[in-house]
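Enquirer: Letter by letter, the chains look like this.
Number of protein chains: 2
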Amino acid sequence: MLNIARVINIIGLLVLIEGLFILLCLVPSFIYRDGDLPAFLLTSALTFLTGGTMWFFTRNAGKSIGKREGFIIVSLVWVVFSLFGCLPFWLSGYISSFSDAFFETISGFTTTGATVLEDIEALPHGLLFWRSLTQWMGGMGIIVLSLAVLPILGIGGMQLFIAEVPGPTKDKLHPRVKETARRLWGIYIIFTAAETILLLLGGMNMFDAVNHSFTTMATGGFSTRQESIAYFNSPFIEYVITLFMFIAGTSFILSYFAMHFSFDRVWKNEEFRFYLALVFIFILIIGTGLAITGFGGQEESYRTAAFQVVSIITTTGYITSDYALWIPFLSALIFILMFIGGSAGSTGGGIKVIRVLLILKNTYLEVKRHIYPAAVIPVKLNNKPVSQSIIGDILAFGFIYILILAVSVVVISSLGYGMDTSIGAAAACLGNIGPGIGMVGPAENFAHFPLFGKWFLSFLMLLGRLELFTVLVLFLPSFWRK
Amino acid sequence: MLNIARVINIIGLLVLIEGLFILLCLVPSFIYRDGDLPAFLLTSALTFLTGGTMWFFTRNAGKSIGKREGFIIVSLVWVVFSLFGCLPFWLSGYISSFSDAFFETISGFTTTGATVLEDIEALPHGLLFWRSLTQWMGGMGIIVLSLAVLPILGIGGMQLFIAEVPGPTKDKLHPRVKETARRLWGIYIIFTAAETILLLLGGMNMFDAVNHSFTTMATGGFSTRQESIAYFNSPFIEYVITLFMFIAGTSFILSYFAMHFSFDRVWKNEEFRFYLALVFIFILIIGTGLAITGFGGQEESYRTAAFQVVSIITTTGYITSDYALWIPFLSALIFILMFIGGSAGSTGGGIKVIRVLLILKNTYLEVKRHIYPAAVIPVKLNNKPVSQSIIGDILAFGFIYILILAVSVVVISSLGYGMDTSIGAAAACLGNIGPGIGMVGPAENFAHFPLFGKWFLSFLMLLGRLELFTVLVLFLPSFWRK
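One line per chain: the protein sequences are A and B, in this order. Taking the numbering used here, I'd label the letters of the first sequence as residues 3 to 484. Taking the numbering used here, I'd label the letters of the second sequence as residues 3 to 484.
Heads up, a few of these hints could be off.
Intra- or inter-copy, both count: the list cannot distinguish identical chains.
As the list claims (entries may be wrong) - Straight-line alpha carbon distances no greater than 25 Å define the calculated BS3-like cross-link-like pairs of lysine-lysine that follow:
| # | residue 1 | residue 2 |
| --- | --- | --- |
| 1 | Lys69 | Lys180 |
| 2 | Lys386 | Lys370 |
| 3 | Lys363 | Lys69 |
| 4 | Lys69 | Lys370 |
| 5 | Lys363 | Lys270 |
In case anyone wonders, no lab produced these hints; they're calculated from the structure.
All chains should be built: construct the whole structure from the sequences, respecting the hints.
Expert: Right under this line is the structure:
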């Protein structure tokens with residue numbers, strides 16, 4: 003029997019926490035007084051009332067949460083958060099369509115960064131702050147989800163990536179979530195604060211610095227500026243953001259080790275080395291390509307390459323240069339990066355560096371097996387053999403990712419969009435990147451999508467953020483049986 | 003030790019056989035006398051001389067062929083055939099660049115159907131006939147390769163697809179190849195003759211009928227007409243070709259059973275049922291889509307849908323309507339079909355229906371495993387469990403296919419082509435289809451590619467035709483060791 007009451011209880015509790023974050027927006031709203039105060043007050047009231055009611059009437063539901071309850075809570079909470087979170091945009095009238103407001107909010111909570119806004123700077127400060135905060139909260143959520151919850155649910159090989167998570171290793175959801183959250187959120191907050199200080203030093207005002215630190219660490223990519231990071235026109239700011247995007251795309255466990263001076267554990271980590279190598283190689287090729295094709299001087303070319311490579315591979319989606327206008331070869335390289343994504347245990351989306359690495363290793367061994375059929379060579383990671391069931395899980399993840407992309411391309415094209423826009427929008431939303439190619443390229447937005455398109459893309463963002471399986475199992479009839 | 007002499011001996015023998023086929027072209031060349039006779043005479047002489055020399059000096063090389071020799075022979079023979087096969091085009095001056103002539107010929111032997119010709123009908127009859135004949139020979143080659151040679155080499159799960167191949171089941175290459183060739187080529191020839199008769203009844207002249215039967219049964223798609231099948235403007239001809247393309251995209255083992263009245267073995271075959279279901283569903287959707295969007299009457303819409311769906315899924319590549327001009331939704335569906343391909347043991351290319359089916363089944367089970375982790379449910383085909391090593395092989399095949407596509411998109415874009423053309427050219431060549439999307443769409447050709455592009459795409463055709471692994475193992479250093 004599903005413990006529905008307990009599901010409602012936990013979601014109620016989480017909605018109350020969301021309410022607290024919404025209250026935070028009253029600060030910029032009070033300071034700037036540019037018209038979003040009533041919307042925040044009304045939303046807070048509604049959120050606390052609903053969350054409180056949900057929690058109160060189910061408070062005796064018992065403590066036990068099974069795996070199935072886990073799947074339901076994780077999938078639902080992102081949707082419920084977006085339903086409440088979109089209210090400030092909608093009630094203030096700044097986003098007049100509820101679907102648009104929902105799209106913008108789930109794009110925030112999933113740290114995607116796709117926007118329907120055609121003039122971001124027209125928004126009052128409270129709403130801009132809330133928009134960035136949804137991403138920061140989404141980043142917090144994903145750290146706990148990927149490092150504490152999904153491994154227990156056994157999703158997409160996540161159990162492997164967190165073999166070294168500090169904290170209780172028992173299969174109990176509650177203490178593990180709590181302990182992981184405590185340790186890793188500390189790091190998340192420290193990095194956010196450090197970036198804010200550096201951005202202030204770079205000449206950003208306090209408001210912009212906080213907002214961009216929120217959306218950098220979440221690899222979200224929402225900006226307070228229509229032109230994104232290009233607006234600031236500051237090499238120093240670009241270098242700072244590149245560095246923090248890179249960190250945010252790295253497993254927070256590695257950051258934990260680095261902060262405890264265990265640098266060798268960072269350096270010996272194969273996923274990290276592969277991530278570093280990919281970033282380095284792509285910067286080298288794209289930077290050289292930009293320099294050759296007259297984009298700018300050496301420093302500017304490599305800086306821009308570094309910024310866009312890190313922005314896309316980490317699925318942040320900030321822009322300093324419209325890569326759609328580069329020569330096709332360089333745009334194509336950026337396009338390929340869209341599918342790799344961040345490291346496991348980071349806030350980045352996409353397929354994830356470690357899955358790409360293990361798929362490549364396994365594939366290489368399969369080709370080799372044609373010469374030496376007798377030799378059974380297991381795939382190794384960090385010098386340890388990886389179990390066949392985890393490899394199978396990861397391969398399945400890869401195929402589902404591609405299958406969902408293919409179906410999405412057909413669905414989006416049914417709205418009248420051409421091939422590049424269909425692929426671009428599907429890749430950008432499923433990978434939680436934000437900008438894609440075609441009519442959703444860096445200089446564009448998602449406003450032109452019809453209603454159905456926005457809900458469909460919202461669903462893709464959720465699927466991608468929750469590592470596909472978490473949501474997909476809910477669609478299996480066998481999930482609901484017994 | 004590699005038995006290089008034996009490799010040369012066998013290839014020499016095969017080149018002599020190619021010489022016999024080139025001699026066949028003297029018939030149309032004599033009848034029409036439109037200027038290609040000297041080129042054919044010279045090519046024949048060169049081919050017989052070289053093949054004979056290769057064979058003569060290695061005739062005492064011993065009979066044994068190991069697996070490694072097998073890989074080398076299979077990969078080399080397609081290249082060597084194209085080197086000799088392109089001579090008539092080049093020596094006659096009708097294709098002035100050697101690279102272009104090679105591209106056209108390997109496109110023929112791999113049954114791809116991509117062309118560099120901008121005015122097909124300007125070619126003399128002998129050359130047109132040779133162009134179609136390369137595809138017909140390629141089809142013959144692929145039947146033997148996929149049903150007799152690759153299973154023994156253990157390529158891409160091919161050992162599974164041919165579990166029921168009639169003939170000797172011992173692991174000896176020689177008798178198996180001979181027996182399979184004898185039985186299945188008989189069917190191939192019967193179908194070719196039957197189609198020729200039906201096309202003659204449909205009003206085609208003898209020359210066009212023979213040529214199109216050759217390229218239909220090979221799922222090659224070369225036409226003697228610039229407009230492809232649209233030229234004939236005959237519903238009867240379209241229905242006949244649709245039927246034979248469908249048959250050519252089915253395993254020739256099933257045709258063998260059907261000819262021996264074992265219809266239940268055909269009907270019970272899961273790959274066949276899935277192939278039939280795919281074709282049916284896509285025709286239904288695209289036909290309805292065409293009818294709704296004012297393409298033509300009901301019959302014309304569904305006929306055109308049937309023709310293009312079967313032409314693309316079987317990787318033939320004939321055209322009766324430029325699908326690039328349909329609404330994006332319908333073009334996108336055709337684009338998806340490019341990746342499925344024909345059945346295993348057919349002359350079709352692509353990933354293959356059975357691999358897609360097994361990947362889908364395996365992926366579904368992996369998702370299900372998240373609810374019931376304890377249950378180990380093997381993937382079944384035709385009610386028999388499929389071994390995990392074959393599934394692993396097929397999954398690896400899928401990833402390599404996608405990986406090669408991704409790399410190819412980057413390579414092609416480096417020549418200055420946009421996203422859709424890069425994806426279209428890569429998919430069309432790797433899948434042995436012929437036309438793609440963008441600047442290689444149904445109304446276009448491959449003439450505009452620079453030299454490097456043509457050689458690269460030629461390589462993709464070879465990779466795709468030889469089920470990737472056959473060629474890829476040659477690039478492993480360990481293949482050449484010991």
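Enquirer: Now, for every hint given, state plainly whether the structure supports it.
Expert: Status of the hints after comparison with the structure:
Taking the shortest Cα distances, Lys69 and Lys180 sit within 25 Å of each other inside one copy (17 Å), while across copies they are farther apart (57 Å). For a Cα distance limit of 25 Å, the shortest separation of Lys386 from Lys370 inside one copy, 20 Å, qualifies, whereas the shortest one across copies, 27 Å, does not. With identical chains, the CA atoms of Lys363 and Lys69 are at most 25 Å apart between copies only, with a shortest distance of 24 Å across copies and 31 Å within one. Taking the closest pair of Cα atoms, Lys69 and Lys370 come within 25 Å of each other only across two copies (13 Å); inside a single copy the shortest separation is 38 Å, beyond that limit.
Taking the shortest Cα distances, Lys363 and Lys270 sit within 25 Å of each other inside one copy (17 Å), while across copies they are farther apart (37 Å).
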